[in-house]
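Residue strings, one per chain:
There are 2 protein chains.
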Amino acid sequence: MGKQLNVGLLGMGVVGSGVCQVLSEQRAAIKARTGVEITITRALASPYEDKSAIADKYGFSLTATVEEIFADPEIDVIVELIGKINPAKEFILAALAHKKHVVTANKDLIATHGPELLAAAEKAGVSLYFEASVGGGIPILRTLSTHYLPDTITDIFGIVNGTTNYMLTKMVAEGLTYEEALSEAQEKGFAESDPTNDVDGIDAAYKMVILTKFAFGMTIDLADIDIKGIRGLSIEDIQQAAAFGYDVKLIGAAQKNTAGAVAVSVGPVLVPQSHALASIKSEFNGVFIKSTGIGQSMVYGPGAGSRPTATSVVADLTELAKHRADGIVAPFIQFDAPAHLAAATERVDRYYLSCSSDIDLSETIAEVIDPTVPPQQNSNGSSAYLTKPITQQFVEERFGNSAGIQMMKVMEEF
Amino acid sequence: MGKQLNVGLLGMGVVGSGVCQVLSEQRAAIKARTGVEITITRALASPYEDKSAIADKYGFSLTATVEEIFADPEIDVIVELIGKINPAKEFILAALAHKKHVVTANKDLIATHGPELLAAAEKAGVSLYFEASVGGGIPILRTLSTHYLPDTITDIFGIVNGTTNYMLTKMVAEGLTYEEALSEAQEKGFAESDPTNDVDGIDAAYKMVILTKFAFGMTIDLADIDIKGIRGLSIEDIQQAAAFGYDVKLIGAAQKNTAGAVAVSVGPVLVPQSHALASIKSEFNGVFIKSTGIGQSMVYGPGAGSRPTATSVVADLTELAKHRADGIVAPFIQFDAPAHLAAATERVDRYYLSCSSDIDLSETIAEVIDPTVPPQQNSNGSSAYLTKPITQQFVEERFGNSAGIQMMKVMEEF
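Those sequence lines, one after another, are chains A and B. Heads up: the first sequence begins at 1 in the UniProt record's numbering, then just goes up one per residue. Heads up: the second sequence begins at 1 in the UniProt record's numbering, then just goes up one per residue.
FYI, nobody ran anything at the bench for these hints, they're computed from the structure. Quick caveat, the model's predicted, so the values are computed rather than measured. A hint or two may mislead.
[To be verified] The list that follows gives simulated cross-link-like pairs (lysine-lysine, BS3-like), each with its CA atoms no further than 30 Å apart:
{"#": "1", "chain 1": "B", "residue 1": "Lys123", "chain 2": "B", "residue 2": "Lys84"}
{"#": "2", "chain 1": "B", "residue 1": "Lys170", "chain 2": "B", "residue 2": "Lys290"}
{"#": "3", "chain 1": "B", "residue 1": "Lys290", "chain 2": "A", "residue 2": "Lys57"}
{"#": "4", "chain 1": "B", "residue 1": "Lys57", "chain 2": "B", "residue 2": "Lys188"}
{"#": "5", "chain 1": "B", "residue 1": "Lys170", "chain 2": "A", "residue 2": "Lys290"}
{"#": "6", "chain 1": "B", "residue 1": "Lys123", "chain 2": "A", "residue 2": "Lys281"}
Input sequences plus hints: build the corresponding full structure.
Given below as structure tokens:
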């Protein structure tokens, strides 16, 4: 008992085949380090593709009937890598009802139905782990659950979408337009043919739902987040931001104000070029944490990809194996707290404002412009300004409906 | 049983008083999240200073007799924050012999006597944790023990000494000389009056001993490390490196070659300005990891300081509290492997070579110079070159004994 952990695998796409490979390579090392041998014994056959070659290679059997996996008394844990909400949700609930532990990388599902799934796991006396749902290979969720447990986080923010960071890196470094950068991301496989979830900030917002839970204990949903994407961001804005000393990044942020209320947002932000987040290029992700104990810290790594994400999944399996050998069930999230949300519109930040050549903003914004920063003029006639600290509400009321005006928050220096 | 964890505290200096404060602030949150209340019940009185005010404030008793703490049946864990080797080593061994768990931040001791202490802990059936011994507040050791357990690390390197990083940041950003930067670090409390351990790379080397154990399972000692410091680094070299596009950083590195042998070194390295490690300024630390699964990742944060280091100590206590409530003893390090070391001199890297105005290196190094990078000339007449990849042995044999010649490794781009 406890020396063998048998896995039932649902999903053999990019990440699923990565899990087969990483487990195969690391099985002996994991056994040497934990005493437990982790083996995939059975997998759900794909309705789209013959997976018998991979099943043969890694020595597990296939079944077209998912219930056979749930009912298999030899299987201890289900790894769900199908993605999206249905039927992944039904599969996980069924697995938990059969008292199987579950490991998943499904951020959409955890962000939208996490509390229901965690309650089902608790009721069944098993664990539900999902480290790979945020930041691919980055060790962020377990680190928040352990190292930051005796700390008080005030801000957690960063780059949590690799597709848009790849595009923005190309725009900043090579001067590509938004459309050129998107095409290149699609060619390289970093963006899907329908890039909506990435470029409109939805994917980043799902991850912020999960990070808000781990950092503040608060359960929120997508509707609580002020979401802006990078769709149609102009190369002139990228250039003008650079002239001010900033790189434009898509930043997800959950920030507590002095009254203890948390504002959660996703949107393009001007990051100082000297800030650690500005050094995060291409498809990499990074999560920056401000806390009363540790101060300022960051974890950084690949936000997606077969092997990094698979390694996070296998790290969850390894933790499960250790806990099971010890005869304990260790919950992934350590705490709940009532949601106490602040409207993003109440936050005070400096802003970048730009306008096309047919608009003269200089008088309209005279009262809010930062007099220490000279405006930038682009060769195409557009101009850009940095403001003093003002509320998002003020910016939106004054400029939100004006065509040709771009507004982005400016991140403070350290 | 398990709902209360009583702490005996040895050492009430900067970090010790931070532990009192962080525990006091976080006690209720830790209890809510783990079910365990952590309380300092007794501390060793300082021979140098009256600590009764702090003992009264945080509600614990003082004793001048350390044996009373070890013999106290109410105390579950000893926190050792005295530092240095003696008497810290004797105290820890005595505590372990009394079957007390131990948490320490003592890098010198762990680096030089870690195996003996870990064996004593194992024999006594208790835990020895020391997250704060590397990187202050950074969650690096526990992360290596969990998230990277099912991964194969090939390189672990980074900035693990805050004092020298503060000095180098001042030299790069403000043009201070080595002496000016050292004076400022001493004024700010980042460097001791005798800065030897920091500027000569000894402190960084201690940390590399510990990181080598966690990354590769190998037990090494200081003599296995090729150690260079930053003493007397010239501002001209800083400027010439910047002109090539690099910041000079003191880098500790443990790197596995294709034959599986690990070379461990500490020394000044030219880091590309676009690399994540170059964005680590002042007293901050960062550890970069290359591995076959996750790929490239980094953790970053404050390398020292009262609250960050104390928070790492309290994170160890919190993990201990959880494990004890579960009735288990979880070792901090997961694996051992035989030491298989490569001489640092066998490593192939690009090099930065500079010489004062009275030396003309151009002919001597014609065969190794990188022809794509024009040499830099400094206003004081010194010149600098980047080489093609060559072995450290070649560099040392050819230039190691030449006065007026500076040699530094160049870190590759990502």
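Hint check results:
A hinted pair counts as satisfied when its Cα atoms are at most 30 Å apart, and lysine 123(B) with lysine 84(B) qualifies at roughly 24 Å. Simply put, lysine 170(B) and lysine 290(B) have alpha-carbon atoms about 29 Å apart, close enough for the 30 Å limit, and the pair holds. As the CA atoms of lysine 290(B) and lysine 57(A) are separated by approximately 28 Å, the hinted pair is consistent with the 30 Å bound. Between lysine 57(B) and lysine 188(B) the CA atoms are separated by roughly 28 Å; this keeps the pair inside 30 Å, and the hint holds.
Taking the CA atoms of lysine 170(B) and lysine 290(A), the gap is about 24 Å. The hint holds against a cut of 30 Å. In summary, the hint linking lysine 123(B) to lysine 281(A) is not supported, as the alpha carbons are separated by about 47 Å, beyond the 30 Å threshold.
Comparing the model with each earlier hint shows a violation of hint 6 alone; every other hint is respected.
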